[in-house]
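Student: Letter by letter, the chains look like this.
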Amino acid sequence: MIEIKLSDQSLSIDKAYATVQDPTCGGIVLFIGTIRNHNKGKTVTHLDFESYAPMALKEMNRIAEKAKTEHKLHAVTLHHRVGELTIGDIAVIIAVSSHHRKAAFAGCEQVIDELKEHVPIWKKEFLEDGSYWVNARP
Amino acid sequence: MIEIKLSDQSLSIDKAYATVQDPTCGGIVLFIGTIRNHNKGKTVTHLDFESYAPMALKEMNRIAEKAKTEHKLHAVTLHHRVGELTIGDIAVIIAVSSHHRKAAFAGCEQVIDELKEHVPIWKKEFLEDGSYWVNARP
Amino acid sequence: METITLLCFGIARDITGAATVSLHLRPRPTVTDLRQKLIEEYPAFGELVSFAIARNEEYASEEEIVENGDVLAIIPPVSGG
Amino acid sequence: METITLLCFGIARDITGAATVSLHLRPRPTVTDLRQKLIEEYPAFGELVSFAIARNEEYASEEEIVENGDVLAIIPPVSGG
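Protein chains in written order, with this note's numbering: chain W, 1 to 138; chain L, 1 to 138; chain X, 1 to 81; chain C, 1 to 81.
Everything labelled a hint here was simulated from the structure, so no lab data went into it.
The calculated lysine to aspartate or glutamate pairs, modelled on DMTMM-like cross-linking and capped at a C-alpha distance of 20 Å, are:
(1) W/K58 x X/E58
(2) L/K102 x W/D113
(3) L/K66 x L/D113
(4) W/K116 x X/E58
(5) W/K5 x X/E57
(6) W/K124 x W/E50
(7) W/K102 x L/E117
(8) L/K15 x W/D89
(9) L/K102 x L/E114
(10) W/K124 x W/D48
(11) W/K66 x X/E58
Pulled from the structure, derived: some chain W residues nowhere near chain L, Cβ distances all over 12 Å:
(12) Q9
(13) N61
(14) E70
Bear in mind the structure is a predicted one, so any value in this text is a computation, not a measurement.
Don't be surprised by glycine CBs; every beta carbon is placed ideally from N, CA and C.
Taking the hints into account, I'd like the entire structure generated from these sequences.
Tutor: Quick look at the structure:
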C-alpha cells in the first residue's frame, strides 16, 4: 500500500503510523523532518514551502513505489507539508512497514534521500535579516 | 539526552517523539516494533513479555549511550513494554534525533539490533494450541 | 515563431516576476533550446546551481522535443523534506 | 560447600519450577562451575540454544569468580523488541 499526501495542515505522526500498521508486520520505521531554528549559522524565524503539486505527487508516488518494490516493503506513506511553517513544525513524515526491519530502515532512508533530490518542493527560509530560496544559488 | 523506560502500560509514539524533538535537529527516526499475528507459520493469539528489570534498564541505557556517542546523536529514547500484549500492540519504540539524518537512521537501527541481542527481556508466544518462549530452543 | 509558456516556481517566479513566462521560439524546439532562450532573456537563471525543465509533469531530458499542448515548467533546485 | 542462589527468568523459571534456584558448590566458584552444576542438576538447560549468567546485573564472563553477596541470574536467550 502507498499513501501520498501534500497538505497545508499539521501532519500527524499517529495518522501516518496508522496507515502502515498491519498485523503481519513487526517492524515500522518513521522518518520525521522538522524545521530547524538555524541553517549555516543563521537564525531561521519561519519558512514557506511551495510545491508544483501535480508533479510533486507523481514524483512522491514514483519514489514510494520504487522503494516498496526494491525493498519488498508492506506499505509506504509519504506526507509532506506545504505553506508557512514555524520552528519545530513537521515538514515531512515517511512511514514504512515491512516484515524485516532491515528493509524498513533501508526503504525509509531511500525515500527521504530521493524525495530531497527529486520532488518539486521549494523551501524559502526567512531569517532575521532577509529571506532566500534554499539550495538555489551556489 | 537519554530516556529509558520499561512499562506495563501502552506506549505512546507521540510521547517518545516529544522526548527527542529539538529545534536544533532536523531529522528524527523512530522504530516501532509491534506484535505480529504469526510467527514461523503459526497463529499467535497474544504474548507475554517478562524482564529482569534492573539489568534490562542498565543494558538499555548502555546501548543508548553507546549509539549516542558513536553516531553523535542529539537524543535517544528507548521505551519497552512488559506484561501481556495482543496483536498490533506496540512492544518497543526507539526514537533518535540528530543533526544529520544518516546518523539518525544508523543510530536507531543499531539500538534495535543491540536491544534484540542483549537486553534481558523474554517473550512467550501463545498460539492456538500452546505456548513457548521465543528463541529459547533450537 | 511560436509562443511557449512555462510555469515558474520558487526562485524562478522571483526571477521572472510572474507565475508563468512566455518565450518566442521556432516550432518544436528541444529542451536545450528552451533553456538557452530562458538564460538569454533572464540571465539570472545562469546564476542558479542548476535548473530542470518539466514536460507534462515529468523531468524532461535535454534532447526532448517540445510539442504543441505540452505543459512545461521551470524546476529550480528542489529543497523539500 | 556453599549455597549459591540464582534468579530464574523466562524458560529458566519453567525448568527449575521457581523464581530462584539454589546450588551447592565449593566457595568462590567460577561462572563455568555454576553453569556446569546447573546443567548437572537440570539437564534441560543443556537443551537451550544457550544461556548466560548475570553477576550484579551485568553479563559475566566464564572465568569470573562468584563472590559472597553477588546477585546472580540465569539469562536464557533474550527475545525482546
